[in-house]
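Visitor: Now for the letters of each chain:
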Amino acid sequence: LIRHLLIATDFGPASERAQEAALDLARTFGSGVTVVHVIKPLPYPYPILPSESARQAVSMELDRVAAIFRAEQLNVDATLEDGPPWERIISVAQERKVDLLIMGTRGRRGIPHLLLGSVADKVVRLSKAPVLTVPPWRYSDRKTAGTELARAVMALREERPIILAISRGALSVANEVASALETSMDGLFVRLVECDGQAVGAVCEEGTCLFDEATVSKLAIPIETLGTVIGESRRLCRDESLRLRGARWIGDVGDRTVLVVTDSISSPLPAAASAKVLRAMGARRVVVATPGGTFAALEALGTHVDATTCLDRVREPAGIDVLYRDAQELSDAEAAAMLSGSSASRPSS
Amino acid sequence: VADEKDLSSDTDYVQLMEDSAQSALNNEAARLQGKGVEVTTVLRMGSPWEQVLDVAGKLEVGLIVMGTHGRRGLPRALLGSVAEKVVRLSPVPVLTVH
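Protein sequences, first through last, are from chains L and A. Take any residue in the first sequence, note its place counting from 1, add 308, and you have its number in this note's numbering. Take any residue in the second sequence, note its place counting from 1, add 191, and you have its number in this note's numbering.
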């Protein structure tokens, strides 16, 4: 159906996911592929065109992208163009009679009307052929997100916070935060309790349970059903904790600031449940930090904790699904190593 | 998606708009179902780009498909700018069709 597709790339992170989408589609349809990069002329008084060596470097980058498609036995041609990007992209698409144009956008973080964002706008508006615009991943992986999150919570360093990851996915994030704050971290495992696909509460590994009473009564869940689901969630949560952290309990949090780290917040319940446990244990302040969360969940969480830090607020859970390019979480062995105070979780001096 | 700015407070008029939008939606759904596609329809009222992104989020879609040019008298610029907003703000890929 898609005989020939065009992928416009700026070789940057904004184009990576678009390239992968192009590869997926080209493989599915056996499409011919045209890779385009446009060199934008610099405004006067600079030289109109970049130097020959700069051009050569760009040309090598283009070959690298073309090779990705060629490795899949696809028919590829790559072209380096000069001129206004949107105009060149549309013109190449017309010449080659492509069925689909694919390009990246800057996503929600983009500076409006700058660079690729505005190129995509123009191409979308003016192309006769369909255009697939692909937003970038927010973070390449959880570790990178942790590095960014660490910068946002650096002010807490003076309080010598205890850093706790509340899920397996949060471990890699928390590990980076801990190392930037020059402290150690641990895991306090919490699990969402779901009934018919709806979050009704959260349990902590030591047994504490927090209900979303409004949802429980709205769904009119029979008390026995609720009991069963909670029991099962508790068991799973305790099992995971035993596998990852072992039998030891987390250290004393009495009168300390605790920084609860998650990898995303689409429900306030898990973080709120952890705060309930930590308060009961005597924590002075509970602060939650996450690379991404929905507005609604963060707002609801606000009443349960002392402060929240979120790098990327999104409207809906779908935004959370695309936070990490590499969605892979740690294996049992990796997580256990991180929690047993191996080099990874020790403060870097 | 019906734009609320076009609606007066007259409930009869709102009802009329809703009915005509719903029947257009049903026709489109029937056409796609005829081609063997599984279809769910959603009719929303409000700011078009916000509603499109909201529905996409709620249904956890992997792709948004939309036109870039209006039909039936809808001003070109209006639908064009909706597509622009959606393209810029969507967390999932958007396929725009002229």
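Derived from the structure by calculation, the hints contain no laboratory data. Hints may contain errors.
Cross-link-like lysine-lysine pairs, in silico, DSS-like; alpha carbons within 27 Å at most [unchecked claim]:
no.	chain 1	residue 1	chain 2	residue 2
1	A	Lys-226	L	Lys-430
2	L	Lys-451	A	Lys-226
3	L	Lys-451	L	Lys-348
4	A	Lys-226	A	Lys-249
5	L	Lys-348	A	Lys-276
6	L	Lys-526	A	Lys-249
7	L	Lys-436	A	Lys-249
Over the 12 Å line for every Cβ pair with chain A, so calculated as not near, a few chain L residues [unchecked claim]:
no.	residue
8	Ser-361
9	Ala-375
10	Gly-412
11	Lys-451
12	Met-462
13	Ala-615
These numbers were taken from a predicted model, which means no experiment stands behind them. The C-beta atom is built at its ideal place from N, Cα and C for all residues, glycine as well.
Visitor: Report the numbers of all earlier hints that the structure fails to satisfy, in ascending order.
Guide: When the structure is compared with the hints, numbers 1, 2, 3, 7 and 10 turn out to be violated.
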